[in-house]
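As given, the protein sequences belong to chains A and B, one line each in that order.
Each residue of the first sequence is one higher than the one before, counting from 1 in this note's numbering.
Each residue of the second sequence is one higher than the one before, counting from 1 in this note's numbering.
Errors might be hidden in some of the hints.
One copy or any two copies: either way a pair holds, since identical chains are not told apart in the list.
Lysine to any residue pairs mimicking SDA-like chemistry, simulated, CA-CA at most 25 Å apart [said to hold, decoys possible]:
| # | residue 1 | residue 2 |
| --- | --- | --- |
| 1 | 15 | 4 |
| 2 | 280 | 41 |
| 3 | 75 | 4 |
| 4 | 7 | 99 |
| 5 | 3 | 204 |
| 6 | 3 | 101 |
| 7 | 27 | 340 |
| 8 | 270 | 243 |
| 9 | 75 | 343 |
| 10 | 15 | 69 |
| 11 | 27 | 4 |
| 12 | 75 | 342 |
| 13 | 27 | 220 |
| 14 | 75 | 236 |
| 15 | 15 | 2 |
| 16 | 291 | 13 |
| 17 | 3 | 177 |
| 18 | 3 | 128 |
| 19 | 354 | 243 |
Hint data in this document are derived by calculation from the structure and do not stem from the laboratory.
There are 2 protein chains.
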Amino acid sequence: MLKRIGKHTIEFTEKPRIVGFGSAVGKKEGEGPLKDWFDRVFVDTTMGGETWEKAEAMFQQETVQIAMEKAGLHKEAVDYIFAGDLLNQCVSSSYGLRGFEIPFLGQYGACSTMAQTISMAAVFTESGAADFCAAVTSSHFCSAERQFRYPLQYGGQRTPTAQWTVTGSGGLIIGAAENGKFKSCEDLLNKNGGINLKKQICIEHICTGRIIDMGITDANNMGAAMAGAAADTIYRFFNDTNTTKDDYDLIITGDLGQVGSDLMYELLKKQDIDISSNHKDCGLMIFDREKQDVHAGGSGCGCSASVLCSYFLKNMLKRQLNNILFVATGALMSPTIVQQGESIPGIAHLVHLKNCTE
Amino acid sequence: MLKRIGKHTIEFTEKPRIVGFGSAVGKKEGEGPLKDWFDRVFVDTTMGGETWEKAEAMFQQETVQIAMEKAGLHKEAVDYIFAGDLLNQCVSSSYGLRGFEIPFLGQYGACSTMAQTISMAAVFTESGAADFCAAVTSSHFCSAERQFRYPLQYGGQRTPTAQWTVTGSGGLIIGAAENGKFKSCEDLLNKNGGINLKKQICIEHICTGRIIDMGITDANNMGAAMAGAAADTIYRFFNDTNTTKDDYDLIITGDLGQVGSDLMYELLKKQDIDISSNHKDCGLMIFDREKQDVHAGGSGCGCSASVLCSYFLKNMLKRQLNNILFVATGALMSPTIVQQGESIPGIAHLVHLKNCTE
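Just need the whole structure built from these sequences, with the hints factored in.
Structure below.
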C-alpha cells in the first residue's frame, strides 16, 4: 500500500524489494577507486560497435541483462521497463532496450533519472500494477560531450567547475513484496551466493523533486545548478518524515561534484541542517580527482546509477550499510535553450533504501 | 485499486476522473476543421516571446493553467506533474512548468507522450500516491522542424509521406475517484456550466506500449514507423480485455496520418481485426489536407494532446461519445541515430476513457 507522508513523500507499507542489479562502466571508470565493485568494465568505448551512441545503448542492455540474471528472471517475467538517458530523444534507452519486448515507459530526469526510474518502478510494483519492473539509465562521456559541449576532436579546455560525464550504466529489478506474488525467483538464494536478495533491500520511501532554478547560466557548472534542487528535496523529505540526517547511515547525492556539494551544504545550513558528516556524492567517488583529471568530479545519469548498482547496493547486501538516502540530481537544460540565454533548472529525486529485518 | 487484466492491461476499479482539461494551438491549427473546439488559438507562433522553444514552453504552461482553472484547483492541490515533449532534453516541459513548483516527473514517449502521462497520472491517483496529477505535452512546428529536419529558412521540399508537426498543447488534471479524497473542487459543477466533471470522464484501463521496430529508416515516414506499434497495442488490449472494436464508440490514434493508418489497418487485418469503420486519427482531423498542404497529416505530441483535450473530451462531456480508446503513437528516434543508419522504432500507449454512469 502507498501511504502519503507529509506533503510530497510516499511510504511503501509492503516495501518493494530490489531483487537484482547490475553495473557496467568504461575504461576510465574501471581505473578509478571503485573499479573492483562493477560487474563489467569495457575498455573499448564503442563496445566493438560503430558509434558511441550505439555503445551507450548496449550498456543499458547489458545492465538490465545482468540484473535479470541475478534475479533469476526471464524477460517475460518483467512487466515494465522504466528507462531514460541524456541523449537526444533518449535513444540509448529505446534502442538498447527494444529487443526485450517489455512494455516501456521512457523517463526523463536528466542525471536524476536513476532515482526517478526506481520511484516509478516502486509505485507500479507496490500498487499491484506489476510484479517486476526494471529501472535503468546510462551516460557516455563521448556521446555527451559532442551533444552538450564540443566535438571531442576540438580539444576544448575544461573549466575548473566542469565535471566528467561517466561512461556507464546501472540497472536493477524491483519486485513486489512477498505477498505470494513472486513467480519465478525461488532460486534467488542460490544464484546470489547465499544472499536472498528478495528478503533484503527494501524501498521505504520516495520523495519526488520539484524544478528549482538557481539562475545558473554556465553549462560548465552543473553542480551549482543542481545544488538547490538537492537541498530542497532533502529538506522536504526530513520535514515530511520528521527525521534528521542521524536517522540514516548515509545521504548519497548523484553528481553534485565538489562545487555542488559545497553549495548544497551551505543552502541546508540556512535551514539549520548539516549533512556534511554523513554525505557522499557519487560524482566524487567514481574518479580519483588527484590522478584522473576530472576537475569537479564525475557526472551523468550513469554516474549515480553505476555507483548505486555496485558499491552501495553491494555494501547493503554485506550489511555494511543498512539505511541510506539516494538523492540523484539532474540539470534539466538543453544546449539550445542555454544558448538562448536561459538559466539551468535542477531537479533531485530521493529514494530511501533500507535492509529489511524480517 | 489496480487490477491486472491479461498480460499488459491495468484496470482501475475506483476509476480516476478527468477533472479539468485545456488546449491551446497555433495559427494554422486555428484555421483547421477543429478551430472552434480549442480553448486558445495563438496567431503569433512565438507567443510574443523571443524563440520558438520558449513559445512552446508557454503553450504547456497555458494548458495546465486552463485545466487547473476548469478543475477549480490551485497549484498547491496538484501533487505531481507528468510532462514531456519532443524538444531535446524535454525543455518545453521543464521550462514551461518550473513556475508551478509542483513535483515533476518528466516522461518521454515521443508523440505518444499524452497517453503516457495520462497512464502515469492514473496509476498515481488510483494507488493513493496522489489526489490530483497533471498530464501535459506539446509540440511546435518551427522548433521541431529545425531540430529534426532542416532550418525553416532552408525551405526544404517535403515528401508525400511527410507530416506537419502541430503547434499546440493539451493538458489535463486527473483526480482520484470520489472516495472522499476530493479536497478543493466542490464548485466544479458551477465552473463548468452545469457539467460536473468529477462525476463524468473515467479512466477505465491503460495498456502500455512495447517498442516495435518495423525497419523504417525514412525520417519523413513516421506514420509507417509507428503503425506496427499501434497495431501491437490495440491487438494486445483486445486480447487482454476480451473485447472487439464494436465495444467502443471510437478508436483514436495519435498521429499515424494517412500512410500510417492504412498500414495499421493492413497489419490488424492479418489478425482478423478490422477497425477502419470506427477509427479516427488526430493527425487526419486537425488539418484540412485538401486546403492546408500538410501532406500525410498532422503529427507531434501536441497533435493527439490538443485534439483529445478539445474535440474528444468535449464530445464526451456532451455525451456524443461515451466510450473511447485513445492510442497515442510515437517514433522513438533521434536525427543522430538515424544518420548512423538505424531504423526508427515506434511505440503506442492506450488509454480507455468512459463516461461514468453513476
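Results of checking the hints against the structure:
{"no.": "1", "hint": "15 to 4", "result": "both (14 Å within a copy, 19 Å between copies)"}
{"no.": "2", "hint": "280 to 41", "result": "within (23 Å within a copy, 50 Å between copies)"}
{"no.": "3", "hint": "75 to 4", "result": "between (32 Å within a copy, 18 Å between copies)"}
{"no.": "4", "hint": "7 to 99", "result": "between (39 Å within a copy, 18 Å between copies)"}
{"no.": "5", "hint": "3 to 204", "result": "both (11 Å within a copy, 23 Å between copies)"}
{"no.": "6", "hint": "3 to 101", "result": "between (32 Å within a copy, 22 Å between copies)"}
{"no.": "7", "hint": "27 to 340", "result": "between (35 Å within a copy, 24 Å between copies)"}
{"no.": "8", "hint": "270 to 243", "result": "within (17 Å within a copy, 59 Å between copies)"}
{"no.": "9", "hint": "75 to 343", "result": "between (41 Å within a copy, 23 Å between copies)"}
{"no.": "10", "hint": "15 to 69", "result": "within (22 Å within a copy, 37 Å between copies)"}
{"no.": "11", "hint": "27 to 4", "result": "neither (43 Å within a copy, 43 Å between copies)"}
{"no.": "12", "hint": "75 to 342", "result": "between (42 Å within a copy, 24 Å between copies)"}
{"no.": "13", "hint": "27 to 220", "result": "within (23 Å within a copy, 38 Å between copies)"}
{"no.": "14", "hint": "75 to 236", "result": "between (37 Å within a copy, 17 Å between copies)"}
{"no.": "15", "hint": "15 to 2", "result": "both (9 Å within a copy, 17 Å between copies)"}
{"no.": "16", "hint": "291 to 13", "result": "neither (45 Å within a copy, 58 Å between copies)"}
{"no.": "17", "hint": "3 to 177", "result": "both (15 Å within a copy, 16 Å between copies)"}
{"no.": "18", "hint": "3 to 128", "result": "both (14 Å within a copy, 7 Å between copies)"}
{"no.": "19", "hint": "354 to 243", "result": "within (15 Å within a copy, 43 Å between copies)"}
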